[in-house]
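Protein chains: 2
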Amino acid sequence: MKDKIMKESIDLFDSKGFSKTTIQDIVDNIGVTKGTFYYYFESKQELLRDIHLSFIENLLHQQEEIINDKNLNNKEKLYKLVYIIISEIKTSGKSARVFNREIRHLEKDHIDNVNSKRREFRLNFQKVIDEGIREGEFRNDLRSDIVTFAILGMVNRSYSWYNPDGEMSEDEIVNLYMELILNGLTK
Amino acid sequence: MKDKIMKESIDLFDSKGFSKTTIQDIVDNIGVTKGTFYYYFESKQELLRDIHLSFIENLLHQQEEIINDKNLNNKEKLYKLVYIIISEIKTSGKSARVFNREIRHLEKDHIDNVNSKRREFRLNFQKVIDEGIREGEFRNDLRSDIVTFAILGMVNRSYSWYNPDGEMSEDEIVNLYMELILNGLTK
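Going down the list, the protein sequences come from chains A and B.
Be aware that the first sequence starts at 1, since it is given in the working numbering, and climbs by one per residue.
Be aware that the second sequence starts at 1, since it is given in the working numbering, and climbs by one per residue.
If you're looking for bench data, these hints aren't it; they were derived computationally from the structure.
Heads up, some of the hints might be wrong.
[Claimed, not checked] In silico contact screen, one side only, chain B against chain A (beta carbon under 7 Å); selected entries:
| no. | residue |
| --- | --- |
| 1 | Ile30 |
| 2 | Gly31 |
| 3 | Val32 |
| 4 | Tyr40 |
| 5 | Arg101 |
| 6 | Lys117 |
| 7 | Arg134 |
| 8 | Ile146 |
| 9 | Pro164 |
| 10 | Ile181 |
| 11 | Leu185 |
All residues carry an ideal CB built from backbone N, CA and C; glycine is no exception.
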């Protein structure tokens, strides 16, 4: 039931926005009472936090496997790190949109844990770039922290325009991003 | 007075968010009555639309000058197009954040004009990339529409982390972005 509430809420937050969705809307859509909601969540804030945590923890878990894979060089790791973001947009577009848009509505008491995991996600990216610089795969004259912000801005933002049912596949998007990131636009 | 209301509202939307800011909050902060507010705006929606329009129209105006400058090649134009976004974050950080975050809260009746101008802004970018491809400055094997989304995602997102009073200047940020965009990360 907890999963069902989260799934239904993601649908509503995606279509109506977090602010305009009430707990009543959520329970009405599932056909349960508010009592059921409050059995699993203290508040709409706690629900939003759990949605964020579930999304980022899944990504962190996938990152960890990639980073620890000794058969991959850093370019390959970077490719896979970008891939899991696009793939998440494909399989869980609504979650990705809620994750990116509604973080703004998480209040002080509920945001700390989410923010520290988002930070961890970003620093994992940066670690691969730093390692690639050390091993001579990547140029060493660009600050890795800003490069990380740049790549994450580019890739994360795809949730706002990428249509997984459209003409471009995940692979094509990721390949284009990686070409741009690794080799640039200059002829 | 209209400008004053818009300026004060941007401050409040930036700190509290659009949803949680009431018209009462806005007029209290300026020390006027609700009547004054309604003399200039029909609703909070209309105010938010005007804030968005004012932000994007200013950027479109700057874009136009760059695109029509016959002394610039397309790389130089691209540099300047990126520069005005970062510069806007520096000089109007609050507006940039409200512009990027609160578009979500603009409702049907008020969003069309804003969306068409945002689209125009994006297509101006794409025009420079297409022109650069035609003139052999940029490689021709990457779709210009996706490249545009990628660059705009990267650059626009800076509002969320770039601190203009921090250790990096506008020039340094733009130079790093352009190095990455034009030449890539590969050593």
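Do the hints match the structure? See the list:
no., hint, result
1, Ile30, "violated (24 Å)"
2, Gly31, "violated (28 Å)"
3, Val32, "violated (26 Å)"
4, Tyr40, "violated (25 Å)"
5, Arg101, "holds (6 Å)"
6, Lys117, "violated (16 Å)"
7, Arg134, "violated (11 Å)"
8, Ile146, "holds (5 Å)"
9, Pro164, "violated (14 Å)"
10, Ile181, "holds (6 Å)"
11, Leu185, "holds (5 Å)"
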